[in-house]
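Residue numbers (full-length UniProt numbering), protein chains in the order written: chain A, 1 to 345; chain B, 1 to 345; chain C, 1 to 278; chain D, 1 to 278.
If you're looking for bench data, these hints aren't it; they were derived computationally from the structure. Everything numeric in this text was worked out from a predicted model, so none of it was measured. Take the hints with a grain of salt, since some may be wrong.
As the list claims (entries may be wrong) - Calculated from the model, a selection of chain A residues having no Cβ within reach of chain C, i.e. all distances over 12 Å: (1) E7; (2) K11; (3) A15; (4) S38; (5) V53; (6) A54; (7) P55; (8) A64; (9) V67; (10) R103; (11) L164; (12) V172; (13) T251; (14) D261; (15) T294.
Stated by the list, open to error - Derived DSS-like pairs (lysine-lysine); straight-line CA-CA distance at most 30 Å: (16) K209(B) - K122(A); (17) K209(A) - K122(B); (18) K245(D) - K245(C).
Built from N, CA and C at the ideal position, the CB exists for glycine as well.
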Amino acid sequence: MAGIRIESLAKRYNAVSAVDGVTLDVRDGEFLVLLGPSGCGKTTTLRMIAGFVAPSEGCVRIGARDVTHEPPYRRNIGLVFQNYALFPHLTVEENVAFGLRRRRVGEAAIRTRVATALSRVKLDGFGGRYPRAMSGGQQQRVAIARAIVIEPDVLLLDEPLSNLDAQLRHDVRGELRRLQTELGITTIMVTHDQDEAMSVADRLAVMEKGQVRQVGTPSEIYRRPADRFVASFVGRANFYAGRAERGIFVTASGLRLPVADLAEGADTLMIRPEAVGLRPAGADGLAATVETATYLGAGWELELRLAGGERLSVVAPDAGEHWRQGQILTAHVAPTAGVGMRTGS
Amino acid sequence: MAGIRIESLAKRYNAVSAVDGVTLDVRDGEFLVLLGPSGCGKTTTLRMIAGFVAPSEGCVRIGARDVTHEPPYRRNIGLVFQNYALFPHLTVEENVAFGLRRRRVGEAAIRTRVATALSRVKLDGFGGRYPRAMSGGQQQRVAIARAIVIEPDVLLLDEPLSNLDAQLRHDVRGELRRLQTELGITTIMVTHDQDEAMSVADRLAVMEKGQVRQVGTPSEIYRRPADRFVASFVGRANFYAGRAERGIFVTASGLRLPVADLAEGADTLMIRPEAVGLRPAGADGLAATVETATYLGAGWELELRLAGGERLSVVAPDAGEHWRQGQILTAHVAPTAGVGMRTGS
Amino acid sequence: MSGETILGRRPVEILARAALRAATALVLAYIAMPLALVVWLSFMAGEIMVVPPEGYSLRWYGVAWNQDQLRSGFVTSLWVAAVATTLGLLVTVPASFALARGRFPGREAVLQLLMSPLIVPGIVIGASIYVFLVQVEIETGLPLAGSAWGIVVAHLLLTVPWCVRLVTANLVGVNRSVEEAALSLGASPLVTALTVTLPMIWPGLVAAAVFGFVVSFGNIEVSLFLVAPGQTTLPIAILQYLQWKIDPTIAAVSVAQIVLIGAALVATSRITNLGKVV
Amino acid sequence: MSGETILGRRPVEILARAALRAATALVLAYIAMPLALVVWLSFMAGEIMVVPPEGYSLRWYGVAWNQDQLRSGFVTSLWVAAVATTLGLLVTVPASFALARGRFPGREAVLQLLMSPLIVPGIVIGASIYVFLVQVEIETGLPLAGSAWGIVVAHLLLTVPWCVRLVTANLVGVNRSVEEAALSLGASPLVTALTVTLPMIWPGLVAAAVFGFVVSFGNIEVSLFLVAPGQTTLPIAILQYLQWKIDPTIAAVSVAQIVLIGAALVATSRITNLGKVV
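Construct the complete structure from the given sequences, taking the supplied hints into account.
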């Protein structure tokens, strides 16, 4: 077990930067998620840590070891791929034993450790099967067993849940988190799915255009996003341009919203759709008209137009009302609901 | 424009039924969604309506016309595919004009109608491009324009949003619904995504194993699902076995829950996770212990264990609390939150 | 292993990679050798090919050009290959549609049948067709056995299986929903094939035509019994010349042929990745 | 168009489909014809092949068996093809790894180079190698020009490009992340190639071997100048026989060859879909 330290890591292809100076410190035993849209450089970063991409600049340290120039097969990492990447010509048992054989572990020890790893991922009794005879979820569990059985210093997961369907994704992410906690293994996972990232991570690193925009715990990132990009990537958000005036945010159209903990100099206000309360017309708050109302079972998605012309997206739990286009109501934004940010642009 | 009537439609491959007696009435101008997991027969049903699969039994009527034995090119349908299926060797304009040329419409009329169709999907000025030079969302809008420009009797959509990323999917589904309402065209859409289905449909038909399990409006389906399958496919649900006793549902472990509108004979109680209220320990309700707590930004996902040993999944909005494993609290289930059903098994 | 993966830097690892590169270079040199050898030979000045050569000249290109047999062989080969390819494609395209789109028993067996030009010895195919044509000639009086049409009939057996395989493979690769879109818009199956499917696979059609042409142009075995004086294909004219005299003339002819076919292949590879299509 | 799509039932539509089916049947019959013709000829009783035949007999199989030249040609061809294929695969596999996995300038050009056996006339390749071997023989005194090893050297030029293309195509098709998984588990590139990659592509290796064998076994052009009395390949023995006499003996030999190669192809297609791999 060991922490990972990445310093000013960069990868350029000709003139284009895929990764542009990433510095990260992953603590021993921590579960860090690299979150970002496709093309943000998160996978290239992971592949540089694994040794499949040579960095143009910077270095990678695993524990005390500088592995920047080590080939992948001397890094002692466990790797899990989106497409499982099992060896199709080997049984489950032989797949899991592969890394142990390369390490010249004795036959008896191999048998014990393979059995333990398979039972950790709840696949006892599946050892004799071939990967093709298993479901996607089972295959991914074999891949996880194969990666952890070698007791790697770090576990790297590249979109491990993307090929699974919704229900399975929900279950396997729970198992993955449980397993990681049990083993206490330093883990980096790459994903573009915000729910997935939030639900398993100790800390998130949100990436865009080859750079890390913000690092923090899920609640830090969601509640106090550093910028517009982070705010809208980890959830939905309404943004208003304006200025801060002693605890009150004044929008461009003159709307005055009290905001707790508002830094002077903020020029954008972010409001999460689920932080807005809906009240009958005439109540205390912002008068609003329903532009579209979409029923989604568990709740409603409303697009409101405020008196000043601004639009406000609201997600409200289903409380039995039936919202209709054209309806007039009051939107209540509590002082704790708004987050001021400086866009710098 | 015309309604669609499907009667006892079935498709068998050797001994296996892909579709097993589906009867549906789609009203003129209605937006009906066929919702179900993969392999439930929804796509085969759509393809029988389009004429790409010959039914083993039953018939398909569009308006007054029995089209069961008509080839697809004489059915006057508009079809939109998951993978767009644009003609790669033709420009956008020529793609949209294709169906009009087959109908021997004059050149001047073609130009006008193509321009109108492209402007309906907000692609004015894109006529000269080739599909490969456009984004996925734009390509799908071309496909929609190509389907509606021929003024088809019905519009069939086969997972039209599956290839788009999350944000785009959200936008395009809104546009799709708006367009359908404007044109008043009878529409059947196939999807496996419950959110997508709920947000666009006038009515849903939930399918499983080649059969329709329930037909109804989104709120009918979500609030009063006909069976366990429907309940868990259109959202998440807790189920408890037990029996109804004059307005009170008694679970197997002896828990007594008052349920409004409980039919005698119900043997299963369904509770939606977001219908459960969370209160401090000792308050009125069911005593519960937190087994896992997952923060998801907009809210929390909790797994609770009740006093009787039952598990209860709860989805709660984020109200600033930090829920932890082992915490004791009270779960409040309102009488309107539970739905009794007869599993029949 | 990968061009990107970080490689080991231990001496033995560096040595192993150098050895692999050397072996690869050797294999490639070996493959390139005949091409280089023929070009080299064609420029040797002396009548007897020796190493080192007596000198270099272009004279053998002139000699080749003045050989009537080679010139007329070139024209015959060109004509035969062009006709066999065109006819081959014409009958092939509909058959490929039936094979790629139809569902009928024995479909797999038919695709295996397309390997048959590989397993029946070409020389025997030629001889059989010769016997057959003589029979037809005796019965009908048509002068088939000695005409270039006899060669075309035989060469169709070379071009048709290649064309069917290539076109079928391309048709199988076409996204079916694009065709279904055309059908839903009111195009009949025939109109769909002509306005949608064929334009989509035309790189495959070009590849099939070029490949059929090249195979027909270079064939010697099938033609051997079907040529007649004045109706000889180029490869057989070359064979006959070589049996009489080995000098750089033939190397010069080969270079001309290589340039012709090479140009066709390069032109095609601008349209389609032949290496992938074939 | 599709096997499933509901078809039009108007008379003209039904007629069009019938015409398409008829054309397809005709094309297939034409492709199957040489196979059928050769088998038919081999069973004709008379010395002169006429239609209708004088009768049927197995006598030509006996005659063929007793022709020493054909028997020894068969053995030589078998030996040459086996050695050329084995050597070909041995040098091909490492080269294919370099081509499929390496990133170096001119990689595309190299893949084009693999088409060269198509564009250099086989007869000229054979003659060039003959000239070259004679030179080597004069210089070194090794009797290469008249030996079967000379034929092997020439046939390697047939098998190597096919093998490189097939093996490279198969390597390109291997999911890279499976190899990366092996590397991450501690396997060096060499160990990964031997324990993961080669087992994954072995159907492709079998196909390359069979294809190389078949191409070498049937080749006539390249061998023509390299054979010597007592070291003649089967196709050339057949050619020599046919120049002397046309009777069903050769048809009988061909049927034997067809059965042999056909069996190899069928056996291979149990392992791999040859039609797809090639």
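Looking back at the numbered hints, which does the structure fail to meet, lowest number first? The structure breaks hints 2, 5, 6, 7, 9; every other hint is satisfied.
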